[in-house]
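**Student:** Order-wise, the sequence lines are chains B and V. Each residue of the first sequence is one higher than the one before, starting from 1 at the first, in the numbering used here. Each residue of the second sequence is one higher than the one before, starting from 1 at the first, in the numbering used here.
These are calculated hints, taken from the structure and not from any lab test. Glycine included, every Cβ here is placed at the ideal spot set by N, Cα and C. Among the hints, erroneous ones may be present.
As the list claims (entries may be wrong) - Dumping the calculated DSSO-like pairs for lysine-lysine here, alpha-carbon to alpha-carbon at most 30 Å: (1) Lys142(B) / Lys66(V); (2) Lys400(B) / Lys505(B); (3) Lys43(B) / Lys456(B); (4) Lys132(B) / Lys42(V); (5) Lys72(V) / Lys309(B); (6) Lys90(V) / Lys309(B); (7) Lys66(V) / Lys132(B); (8) Lys287(B) / Lys90(V); (9) Lys183(B) / Lys130(V); (10) Lys72(V) / Lys183(B); (11) Lys62(V) / Lys187(B); (12) Lys90(V) / Lys142(B); (13) Lys42(V) / Lys287(B); (14) Lys334(B) / Lys370(B); (15) Lys90(V) / Lys132(B); (16) Lys62(V) / Lys183(B); (17) Lys15(B) / Lys130(V); (18) Lys90(V) / Lys15(B); (19) Lys42(V) / Lys11(B); (20) Lys142(B) / Lys130(V); (21) Lys221(B) / Lys66(V); (22) Lys309(B) / Lys62(V); (23) Lys62(V) / Lys198(B); (24) Lys130(V) / Lys90(V); (25) Lys370(B) / Lys331(B); (26) Lys187(B) / Lys130(V).
Stated by the list, open to error - Per the computed footprint, the stretches of chain V lying under chain B, defined by three or more beta-carbons under 8 Å from a beta-carbon of chain B, are: (27) 84-93; (28) 106-117.
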Amino acid sequence: MEMTAAEALVKCLEKEQVEVIFGYPGASIFPVYDALYHCTSIKHILVRHEQGAAHAADGYARATGRVGVCMSTSGPGATNLVTGLANAYMDSVPLVAFTGQVPTSQVGTDAFQEVDITGITMPITKHNYLVKDAAQLPRIVKDAFHIAASGRPGPVLIDLPKDVLLTVIDYHYPRSVNLRGYKPNYKGHPNQINEAAKLIAQSRRPVIYAGGGILSANAGKELLTLAETISAPVTNTFMGLSGFPGDHPLFLGMLGLHGTRAANLAVTNSDLLIALGARFDDRVTAKIAEFAPRAGVVHIDIDPAEIGKNVPVHVPIVGDVKLVLRELLPKLVKRDDTSWLEQIQAWKEQYPLCYCQESEELKPQYVVEKLYDLTKDDDVTVVTDVGQHQMWVAQYYRFKTPGSLISSGGLGTMGFGLPAAVGAQLGLPGRQVILVTGDGSIQMTMQELATAMEQKLPLKIIILNNKVLGMVRQLQQMYCESRYIAVDFDFHPDFAMLARAYGMKDYTLCTPAEVDRLLPEALAQAGPVLVHCVVSTMENVNPVVPVGKAINEAVDC
Amino acid sequence: MRHILAVMVENNPGVLARVAGLFSRRGFNIDSLAVGRTENPKISRMTIVVEGDQRVLEQVTKQLHKLVDVIKISDVTTEQYVDRELVMIKVNASSSLRGEIIQIADIFRARIVDLGVKSITLECTGNDAKINAFEESLRPYGLKELVRTGKIAMLRGMRYSGVQDSGGRQQEPE
Chain B
1 MEMTAAEALV KCLEKEQVEV IFGYPGASIF PVYDALYHCT SIKHILVRHE
51 QGAAHAADGY ARATGRVGVC MSTSGPGATN LVTGLANAYM DSVPLVAFTG
101 QVPTSQVGTD AFQEVDITGI TMPITKHNYL VKDAAQLPRI VKDAFHIAAS
151 GRPGPVLIDL PKDVLLTVID YHYPRSVNLR GYKPNYKGHP NQINEAAKLI
201 AQSRRPVIYA GGGILSANAG KELLTLAETI SAPVTNTFMG LSGFPGDHPL
251 FLGMLGLHGT RAANLAVTNS DLLIALGARF DDRVTAKIAE FAPRAGVVHI
301 DIDPAEIGKN VPVHVPIVGD VKLVLRELLP KLVKRDDTSW LEQIQAWKEQ
351 YPLCYCQESE ELKPQYVVEK LYDLTKDDDV TVVTDVGQHQ MWVAQYYRFK
401 TPGSLISSGG LGTMGFGLPA AVGAQLGLPG RQVILVTGDG SIQMTMQELA
451 TAMEQKLPLK IIILNNKVLG MVRQLQQMYC ESRYIAVDFD FHPDFAMLAR
501 AYGMKDYTLC TPAEVDRLLP EALAQAGPVL VHCVVSTMEN VNPVVPVGKA
551 INEAVDC
Chain V
1 MRHILAVMVE NNPGVLARVA GLFSRRGFNI DSLAVGRTEN PKISRMTIVV
51 EGDQRVLEQV TKQLHKLVDV IKISDVTTEQ YVDRELVMIK VNASSSLRGE
101 IIQIADIFRA RIVDLGVKSI TLECTGNDAK INAFEESLRP YGLKELVRTG
151 KIAMLRGMRY SGVQDSGGRQ QEPE
């Protein structure tokens with residue numbers, strides 16, 4: 001069928017069953033928008049900044065398990081996507097990003113709104129394309145969706161010069177993908193799986209350390225069966241939270257820098273670490289030489305490059321965590337050695353997470369605890385931004401269903417929260433989506449309040465306002481003898497007024513009593529709500545592993 | 001230890017930037033790099049010489065494999081192989097010294113590729129040691145210019161590092 005490449009692109013997106021595109025138009029990408037005019041099956045969400053488009057596509061992808069799609073014009077439109085792409089790359093989120101480009105005749109001439117976006121995004125995409133031959137576009141789109149969603153997921157970018165988009169091509173959508181250099185391995189090696197079973201049978205103090213791979217592979221059920229079969233305690237990385245029920249007796253909480261003492265002690269004293277879809281990130285291991293020093297390591301991951309990257313591994317298994325666990329589970333024998341679990345229980349009781357609620361001042365942790373209390377029996381998705389509030393959510397909200405937490409882990413992108421919540425809510429229209437953010441983070445992307453309102457999204461936004469960049473202030477307190485610089489916000493907008501300016505219902509909560517009284521009411525509203533919580537400024541995230549220390553050397557500060 | 005990697009890549013625009021960028025951002029050092037197309041015009045072969053222990057080499061290989069355009073990687077140094085490099089050297093040569101220089105060239109089985117009024121340009125092929133020795137032998141005459149191609153290498157006998165299937169993608173229209 002003859003049509004322009006831009007029209008063909010829309011046909012390709014229909015074939016890939018794309019429902020939503022998050023985008024922002026401009027001169028170079030214009031032919032695609034013209035082609036979208038006649039398309040009824042794809043909804044275009046006009047964001048207010050391209051960074052919002054990338055994060056919204058990211059939030060949508062994490063919420064639905066589908067590939068998120070975002071689009072921008074050339075030059076500044078494309079560079080504004082960069083943070084979002086880097087974020088998706090670090091957290092292994094499947095995205096396909098389309099950028100406009102100046103006509104091929106002008107590429108390389110520093111033309112108006114020209115930027116080498118394939119060059120810029122090479123290190124932060126799984127793969128990218130500059131389309132020079134319009135006839136190749138359908139194949140490239142097919143490949144891009146395949147690459148983004150398969151293996152270890154990640155973002156793929158397709159750069160579209162304007163003249164290419166206007167070229168008439170004979171459109172055929174390829175049925176299959178054939179990439180010689182890209183063949184992810186899903187099935188674990190049977191001998192290695194046997195080896196793992198042997199190590200597990202011999203171990204006396206096993207710990208399961210599960211990361212974001214559990215969620216990408218949808219392996220929550222298998223993880224639960226594994227833990228219960230071998231009676232091993234489970235700790236989640238930040239990215240892995242919600243992959244194991246937070247209220248399960250075998251759950252240790254998060255490990256690492258701000259992990260629970262029980263999790264960190266369990267790992268340090270374990271004789272076998274079963275790492276599932278995790279990458280021994282520096283926030284998890286802290287001083288790597290003393291991380292799980294007495295433990296053998298079984299590492300199951302879809303990305304072979306993660307195995308042996310940071311720590312030596314005794315049994316490496318490359319494969320999809322779900323498939324590998326399914327092979328492994330029948331080979332395991334039930335363990336009922338109770339002494340290790342008794343020790344774990346003793347640590348949990350000795351070192352619970354805690355904070356002081358001494359005055360009438362509202363503590364941020366209290367808000368998170370209350371939020372958990374109010375929503376624990378409902379199907380909710382919690383989205384966070386980045387900073388202290390994010391860690392308090394990780395510590396005090398007990399996630400139960402896989403995927404119920406959406407947050408920026410690897411890149412730690414302040415400003416991720418609101419646009420990601422927009423994307424999540426669009427992907428899950430019937431579900432309650434709650435954004436917990438900070439006064440710093442929300443101000444990085446709060447222009448997307450307009451997008452949320454325009455789309456009539458019933459978002460519940462909770463701002464934990466401590467009037468300070470809390471995480472940095474805490475670092476300055478710990479490492480700079482409280483020489484606070486560039487962390488205090490002397491001016492804030494009136495967040496309640498801001499909510500009203502956008503037509504949202506607002507609540508301002510300053511005491512625990514107000515939280516008790518009004519938070520249930522705020523969450524029960526049908527429409528969008530902004531809950532502004534004025535919380536104490538000097539609160540720290542505890543425990544914390546000081547720089548250069550091992551994870552069992554956490555302190556309270 | 002020094003390893004010679006034969007990296008077969010799709011002959012796509014930007015593939016060199018992808019490979020080079022990967023080395024620099026992951027902190028791996030490239031000792032030498034030679035690229036050219038293979039018997040299949042859709043595939044290029046990069047011969048990359050890297051210095052590092054087994055752990056570094058494993059990471060280099062795994063990270064390279066993650067590039068969609070990389071088809072196959074072989075560490076040639078693990079087996080019997082031949083390697084070659086070509087050098088061109090322009091050396092000062094007044095007419096009185098030409099004879100001596102031509103004698104040196106003969107010893108190294110180098111060839112004269114150009115002759116100027118005051119210079120000779122020589123071409124020599126061989127492994128590292130030979131090229132280095134050739135360079136040192138000519139140094140006393142004054143090296144005006146020197147260019148090396150970087151190493152290329154191949155397994156001996158019937159063993160191969162290349163990609164055997166000749167086909168590219170099959171387009172399957174609906």
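**Student:** A separate judgement is required for each hint: does it hold in the structure or not?
**Tutor:** Each hint, compared with the structure:
Between the alpha carbons of lysine 142(B) and lysine 66(V) the distance comes to roughly 19 Å, so the proposed pair stays at or under 30 Å and holds. A hinted pair counts as satisfied when its Cα atoms are at most 30 Å apart, and lysine 400(B) with lysine 505(B) qualifies at roughly 29 Å. Taking the CA atoms of lysine 43(B) and lysine 456(B), the gap is near 14 Å; set against the 30 Å cutoff, the hint holds. A distance of roughly 17 Å separates the Cα atoms of lysine 132(B) and lysine 42(V); the hinted pair therefore holds under the 30 Å criterion.
Distance check on the hinted pair: lysine 72(V) and lysine 309(B) sit about 21 Å apart at the alpha-carbon level, within 30 Å; holds. Annotation: proposed proximity of lysine 90(V) to lysine 309(B) is violated, straight-line Cα distance about 45 Å (limit 30 Å). At most 30 Å may separate the alpha-carbon atoms for a hinted pair to count; lysine 66(V) and lysine 132(B) meet this at roughly 24 Å. Restraint check for lysine 287(B) and lysine 90(V): the C-alpha separation of about 54 Å exceeds 30 Å, so the hint is violated.
Distance check on the hinted pair: lysine 183(B) and lysine 130(V) sit about 41 Å apart at the alpha-carbon level, beyond 30 Å; violated. With a CA separation close to 11 Å, the supplied pair lysine 72(V) and lysine 183(B) stays within the 30 Å bound. Distance hint between lysine 62(V) and lysine 187(B) is fulfilled; the C-alpha atoms sit about 18 Å from each other, no more than 30 Å. For the suggested pair lysine 90(V) and lysine 142(B), the alpha carbons sit about 52 Å apart, so the restraint of at most 30 Å is broken.
Note on lysine 42(V) and lysine 287(B): the hinted pairing is violated, with a Cα-Cα distance of about 46 Å set against a maximum of 30 Å. For the hint pairing lysine 334(B) with lysine 370(B), the CA-to-CA distance comes to about 38 Å; that exceeds 30 Å, so the pair is violated. At most 30 Å may separate the alpha-carbon atoms for a hinted pair to count; lysine 90(V) and lysine 132(B) exceed this at roughly 41 Å. A distance of roughly 13 Å separates the Cα atoms of lysine 62(V) and lysine 183(B); the hinted pair therefore holds under the 30 Å criterion.
The straight-line distance between the Cα atoms of lysine 15(B) and lysine 130(V) is roughly 59 Å, outside the 30 Å bound, and the hint therefore fails. Only pairs whose Cα atoms come within 30 Å are accepted, and lysine 90(V) paired with lysine 15(B) is rejected, the gap being roughly 60 Å. Using a Cα cut-off of 30 Å, the hinted pair lysine 42(V) and lysine 11(B) holds, with the two alpha carbons roughly 29 Å apart. At roughly 50 Å between alpha-carbon atoms, lysine 142(B) and lysine 130(V) are farther apart than 30 Å, so this suggested pair is violated.
With a CA separation close to 29 Å, the supplied pair lysine 221(B) and lysine 66(V) stays within the 30 Å bound. A threshold of 30 Å between alpha carbons decides the hint, and for lysine 309(B) with lysine 62(V) the separation of about 10 Å falls inside it, so the pair holds. As the CA atoms of lysine 62(V) and lysine 198(B) are separated by approximately 27 Å, the hinted pair is consistent with the 30 Å bound. Between lysine 130(V) and lysine 90(V), the direct Cα distance comes to roughly 17 Å. Compliance with the 30 Å bound is thereby established for this hinted pair.
Distance restraint check for lysine 370(B) and lysine 331(B): the Cα-Cα separation of roughly 42 Å exceeds the 30 Å cut-off, and the hinted pair is therefore not satisfied. In summary, the hint linking lysine 187(B) to lysine 130(V) is not supported, as the alpha carbons are separated by about 48 Å, beyond the 30 Å threshold. Here's how the stretch 84-93 of chain V fares: 0 of its residues keep a CB closer than 8 Å to some CB of chain B, so the rule of at least three is not met and the hint is violated. With 0 residues having a Cβ less than 8 Å from any Cβ of chain B, the stretch 106-117 of chain V misses the three-residue criterion, and the hint is violated.
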